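K.L.:
From first to last, the protein sequence lines are chains D and A.
Using my numbering, you'd call the opening residue of the first sequence number 1 and step up by one each time.
Using my numbering, you'd call the opening residue of the second sequence number 292 and step up by one each time.
Derived from the structure by calculation, the hints contain no laboratory data.
The model shown is predicted, which means the values in this text are computed figures rather than measured ones.
Note that the Cβ used here is the ideal one computed from N, Cα and C, for glycine as well.
Watch out, some of these pointers could steer you wrong.
[What the hints assert, rightly or not] Just so you have them, the derived chain A footprint on chain D, three or more residues with Cβ under 8 Å:
1. 25-33
2. 88-100
3. 108-118
4. 121-128
5. 222-236
6. 246-254
7. 264-278
[As the list claims (entries may be wrong)] Interface residues of chain A toward chain D, partial, derived using beta-carbon atoms under 7 Å:
8. His303
9. Phe512
10. Thr536
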Amino acid sequence: MSASAEERNARTPWALTAPALTLFVGVLLIPLAMTVMLSFHDWGQYKGIEPVFILKNWLEIVTDPYYAEMFWRTFRIAILTTLLTALLGAPEAYILNRMGGRWKSVFLLVILGPLLISVVARTLGWALLFGGNNGLVNKLLMSAGLIRAPIPFMFTETGMVVALAHVMMPFMVLSVWAALQRLDPQIENAAMSLGAGPVTIIRRIIMPQIMPGVLSGAIIVFSLSASAFATPAIIGGRRLKVAATLAYDEFLNTLNWPLGAAVATLLLAALVLIVVGSNALIERRYAEVFR
Amino acid sequence: MSRNGPLALIFHTIFVIVMVAPILVVCLVAFTPEGFLSLPTNGFSLRWFRAIANYPEFVHAFWVSLGLGALSSFVALLFAVPAALAIARYRFRGRDALAALFLSPLMIPHVVLGIAFLRFFTSAGLGGSFAALIIAHVIIVFPFALRLTLAAATGMDLSVEMAAVSLGAGGWTLFRRVTLPLIMPGVISGWALAFIQSFDDLTMTVFLAAPGTETLPVRMFLYIQDNIDPLVTSVSACVIAITMTALILLDRFYGLDRVLAGKGDTGR
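For reference, chain D alone in the conformation it holds in the complex (with noise of 0.2 Å):
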């Protein structure tokens, strides 16, 4: 190959992918930076915003409990959906890998289907199955005896947990059957020659190998529960607030967008930290389960 035709093929790749690059530095990486200085801004109810480097909204968020508090709610919220998910959806996940070949087609589109269902949609349905003290969810709960009392549901975190696990689930179980299809079959049938039982084969032989696909789906439902917003805007209310809907009020209901900004970027740093750290956590640990 000539010297021309060689430099030629070293700038296509360049050629080709400039378009999308240009396209993300303009509105991409640009809008981002500006929304991280714009959590420097000062802002005030009559002069707007005043482009000037303050910390004041960062003292705020850091000194008033409300922040402590609302960001606590957040990932406590975010923290019982992953859990939630992890203790049902990775079940759910190896039964379904048990199934025969049709029912496991119909039933894989059944649950993952909701994924690409409206959020809105989805939320307005348990809305509708909470409503209030004798909504349907208590009334069954009730006649089967496993209250007494209605548990209130709408603008609780007890229903904000339940509607966003099911909103989450998806994933998760589609991260545990990513997990399973990797998995040999005839380990289990090794297993149980060798005189392993039900329980000793799922503790032993099944769970160490799913657990990647558990924790990956974990991160992956831990930082979508985090940031959502439709569903805690939706079950929680006006007043039981997270950072996607304190955010969205700040921007547009007070219209202190400094603030605003200064809770998304924070809310953004601690997703990232979160999910790079064990990301790495867990490929040190399962090394040779990714290999």
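Let chain D serve as the given structure and place chain A on it in line with the hints.
P.N.:
Relative to chain D, chain A alone:
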């Protein structure tokens, strides 16, 4: 041949019921003949579907969503197809970093994107415009368009292209007559998945939409904030029906598990 025990099947049954229940209840309530929220116990009625027509905000929002989804997915593919070909075919410095950048909208919370775009487009004098919505949606659907195109381009048999080159095809002809038709299934699936993502997005769009450019999810969300009545359930039922149709088409042409395998894959 099911190898699950009875306990596992009971768990599975309850699990599936809970997964389907909220979606089913929305669709059922939409058919109520009553003037308030209730399950249709006294027969089915279409009155709340007819009521949508008397509420022009929803109809307008539907067309906005449809146009926005179709257009932004198409524009995203214009950028994604060449990028996918470059990433699939060439090993060059910065390749991994570029791929990470192009998939990054999956990792950034949509509320942060909404704020960033609101700030950006307002200072650019485009606040609340349809053009701003298009550009913002191109960014959020780009990873989906890229990923499916990339999968098709990676799996492509290069010898067909070589045969075309040896017969004298080159440049644009080669792309239009050989490469593009070969990666078409990936491109179409990428478009469909991107469309669904755009059609369903609330969190980012709610920051950008103004009266006149409100999308259907935004209109529904603002409506629910005020009150929940059967009208919003019939609108939701229509949205669910549209998504289900797209879903079944995707499953037929591409396989749903393949489409979803990469979705939200922030981990690895």
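K.L.:
Taking the hints in turn, state whether each one holds.
P.N.:
Okay, the hints, checked on the actual structure:
{"no.": "1", "hint": "25-33", "in the structure": "holds (count 5)"}
{"no.": "2", "hint": "88-100", "in the structure": "holds (count 8)"}
{"no.": "3", "hint": "108-118", "in the structure": "holds (count 11)"}
{"no.": "4", "hint": "121-128", "in the structure": "holds (count 8)"}
{"no.": "5", "hint": "222-236", "in the structure": "holds (count 9)"}
{"no.": "6", "hint": "246-254", "in the structure": "holds (count 4)"}
{"no.": "7", "hint": "264-278", "in the structure": "holds (count 7)"}
{"no.": "8", "hint": "His303", "in the structure": "holds, 5 Å"}
{"no.": "9", "hint": "Phe512", "in the structure": "holds, 6 Å"}
{"no.": "10", "hint": "Thr536", "in the structure": "violated, 11 Å"}
Checked against the numbered hints given earlier, this structure breaks only hint 10.
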